[in-house]
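Chain A is already provided as a structure; the job is to place chain B on it using the hints.
Going down the list, the sequences are from chains A and B.
Reminder that position 4 of the first sequence reads as 4 in my numbering, one-by-one numbering, no gaps.
Reminder that position 309 of the second sequence reads as 1309 in my numbering, one-by-one numbering, no gaps.
Hints in this document: simulated from the structure, not taken from any laboratory.
Hints may be right or wrong, so weigh each one.
[To be verified] A partial selection of chain B residues facing chain A, derived with a Cβ cut-off under 7 Å:
#, residue
1, Leu-1184
2, Gly-1185
3, Thr-1187
4, Met-1188
5, Lys-1232
Note that beta-carbon positions come from the ideal geometry of N, C-alpha and C, so glycine has one too.
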Amino acid sequence: MTIKEKLKKLLVEELNLEDMTPEEILDDAPLFGEGLGLDSLDAVELVVLVQKHFGVEIKDMDEGRPALQSVASLAAFIEEKLAK
Amino acid sequence: MSKPEGEEQKGAWSSRSIGSGWQHRIFYLLIRLGGRRAAYLLLYFVVLYYVLLRPDQRRKSEYYLRRRFPGDGPMGRLAKSYRMSLQLGKVLVDRAVVGILGPEEVTVDLGGQEELLSLLGEGKGLVLMTAHVGCWQVAMSALGFLSVPVSLLMQREEGDLDRHYFEHAGLDSPYRIIDPRGFLGGTMEMLGVLKKGEVLSVMGDRMLGDDHNGVAVTFLGSPILIPYSAFKLASATGAPIAVLLSWKSGPRSYRLKLFRVIRVAPDLGRRAEAFAPYAQEFSAVLEEFTRDHPFQFFNFYDMWQTSPPRAGAGSAPNTKGA
Chain A
1 MTIKEKLKKL LVEELNLEDM TPEEILDDAP LFGEGLGLDS LDAVELVVLV QKHFGVEIKD
61 MDEGRPALQS VASLAAFIEE KLAK
Chain B
1001 MSKPEGEEQK GAWSSRSIGS GWQHRIFYLL IRLGGRRAAY LLLYFVVLYY VLLRPDQRRK
1061 SEYYLRRRFP GDGPMGRLAK SYRMSLQLGK VLVDRAVVGI LGPEEVTVDL GGQEELLSLL
1121 GEGKGLVLMT AHVGCWQVAM SALGFLSVPV SLLMQREEGD LDRHYFEHAG LDSPYRIIDP
1181 RGFLGGTMEM LGVLKKGEVL SVMGDRMLGD DHNGVAVTFL GSPILIPYSA FKLASATGAP
1241 IAVLLSWKSG PRSYRLKLFR VIRVAPDLGR RAEAFAPYAQ EFSAVLEEFT RDHPFQFFNF
1301 YDMWQTSPPR AGAGSAPNTK GA
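One chain only, chain A, in its complex shape (with noise of 0.2 Å):
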């Protein structure tokens, strides 16, 4: 499995989108606002889980800003931090 395949698969069962697949979720969509809808403090929650699952960390807004936009973008970022 992917990194982005996993995030997927996390997005939808930790943090309960509904009526949503894993397969549905595009790589580049927005996860915040129109996108995903996820809101702010599932942002906190995503930063938890892609320590716990990943063990990265991301550490303040300056890492999380751009590494938040999409399922692509937190994927790279990922990539980019266990290459490290």
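Chain B alone, transformed into the frame defined by chain A:
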């Protein structure tokens, strides 16, 4: 078509300062010329005017007073409205006095200093939860002993005329301000503060801006909505929450007390209800405060006019730090 209840509530509340700029400047001038007493003297009459002749303003205090003193008749409420408004006025004057004449004009007695240092020493950051009671700026000004940066979640509105004490003195803000209208409501900034082991100060008793993350708790006998973002952040980071409230204890003195430490369990998930017991702990502290200092509770709007909580969440007014 009528507005949704939450929207009506937002419309009913304005954080803008009472009085115009020149009226504020008269008080500042009096402080410079005659000190605190001169400003207090004018204040007695100004508050009397608002309480007697401006029922729209008086009503703002009555939402709370009817709950806190349910046995009072109209005259009793009128007298208490005067006392409550006068206390707020004195706090605002004191804040200006500190900025204009210097911090030595007010003494601050802080209880719980050692415990706060111990909590910070846990290395998980510290959430300082305060409320619109007493003078929260006093709390902020007394945190220098913590020796770490303090960030404050605060929203200022256009039209706010009140100045903070450091603005009167022409100083930079002693704390970093996180704007809840920023990226993701400022949550990533707040998370970053705690991850660095620093102090995050939040007002726990009002919803800010467009925050819809409220949870219902019982306060003075009926439900109100309070934000649970701070509880969620504490759960995610393991940071303890220190409930720190201040009150005016004398003409020139304030007391600051660590009322309670709230520890939020990890992995509580997304549901607002999971945070309700912790939010209720905070509400219990507020009730305790209103028992001891009934006229230093400064939420001048109908806190109890809440939309029915949807799965523990709901809307609340657009507010800021007083």
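* Asked: Measuring from the C-beta of Thr-1187/B to each C-beta in chain A, is the shortest one below 7 Å?
  -> This interface hint holds because 4 Å falls under the 7 Å limit.
* Given hint Met-1188/B near chain A, where the shortest CB pair must fall under 7 Å -> 4 Å, holds
* Against chain A, with CB atoms and a cut of 7 Å, does the hint on Lys-1232/B hold up? -> At 5 Å from the nearest chain A Cβ, Lys-1232/B passes the 7 Å test, so the hint holds.
* Under the criterion of a CB-CB separation shorter than 7 Å, is Leu-1184/B in contact with chain A as hinted? -> The hint holds - Leu-1184/B has a Cβ within 7 Å of chain A, the shortest such distance being about 4 Å.
* Under 7 Å, Cβ to Cβ, is where Gly-1185/B needs to be relative to chain A, so tell me if that hint holds or is violated. => 4 Å, holds
Checked against the numbered hints above, the structure breaks none of them.
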